[in-house]
Amino acid sequence: MGDLKSTNIKSPFKRITTYLPWLTAPVVILVLIAFYQHLLHQYPDSPQQQATGLHEVITMLDAVAPWILVVALGVYWFKAIFTRNLTYVILAVMAACLLLRELHWDPMIKKAIFPVLGICLVWAIIWRDVIDRPMENWSHTVFFAAAIGTYALGQLVEKRIFRFIPGEATLHSQIEEGIEVAGHLLIFLAAAFGSWRRRSLSGRGK
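Quick note: the sequence shown uses our numbering, first residue 1051, plus one each step.
Keep in mind that the hints were calculated from the coordinates and are not lab data.
As the structure is a prediction and not an experimental result, all values here were calculated from the model.
Among the hints, erroneous ones may be present.
[To be verified] Just the calculated beta-carbon pair ranges, DEER-fashion: (1) G1199 / A1162: 32 to 40 Å; (2) R1247 / F1214: 23 to 31 Å; (3) G1199 / L1153: 19 to 27 Å.
[Stated by the list, open to error] List time: in silico EDC-like cross-link candidates among lysine to aspartate or glutamate, alpha-carbon distance up to 16 Å: (4) K1161 / E1208; (5) K1209 / E1226; (6) K1209 / E1186.
Beta carbons: idealized from backbone N, C-alpha and C, even for Gly.
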């Protein structure tokens, strides 16, 4: 009876990673609204100062974003080697693609990112019998799904879907970059909090 009861009790860590994104969603929305209002009214009396201030925000976000992905990529590769989990090999390649896109080496990279990510999806389908199922690595699944949703929101912002919002034309680039950085942070959290369980050479787990 004791064993049955213990199996029905989730660990505190699993409870946190299950419910934290939903509990923090209102806080994230409020932070985004505050960030938007701050940018909109940072220099209300001087268009020149406002332009300079907004450019500094873009510069800061552009500088931070690649480093977040570098760390996430490093974590994924380390976990792929340490855990022998092929899931992290695919995810490391995806993180590397995002990093190349963020570095802006060539305009074609931005266009090529979606076909490459599509190839990674096909790769994952082919390897579906040897990679983690979503429920097997729930901590990673939660943050990774949140990252995908964030990137999707960033694409909507890039397409000017929210042009009806007051001041959107002025802050379009800043909001887009801010959302992308949030997506990169979620990728890092997925990499860091995903399962560290090592796999045996003949089975799914040790």
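Distance restraint evaluation - G1199, A1162, Cβ atoms, bounds 32 to 40 Å: Because 23 Å falls outside the window, the suggested range is violated.
Within 19 to 27 Å: is that where the Cβ-Cβ distance between G1199 and L1153 falls? holds, 24 Å
Measure nothing beyond the straight line between the CA atoms of K1209 and E1226; if it is 16 Å or shorter, mark the hint as holding. holds, 10 Å
Does the Cβ distance between R1247 and F1214 fall inside 23 to 31 Å? The hinted range 23 to 31 Å is violated for R1247 and F1214, with Cβ atoms some 47 Å apart.
Regarding the pair K1161 and E1208, is the alpha-carbon distance no greater than 16 Å? Measuring from Cα to Cα gives roughly 14 Å; hence the hint holds.
Hinted pair, alpha-carbon criterion (16 Å max): K1209, E1186. Please report holds or violated. Not satisfied, since the Cα-Cα distance of roughly 35 Å exceeds 16 Å.
Figure legend: structure checked against the earlier numbered hints; hints not met, in rising order: 1, 2, 6.
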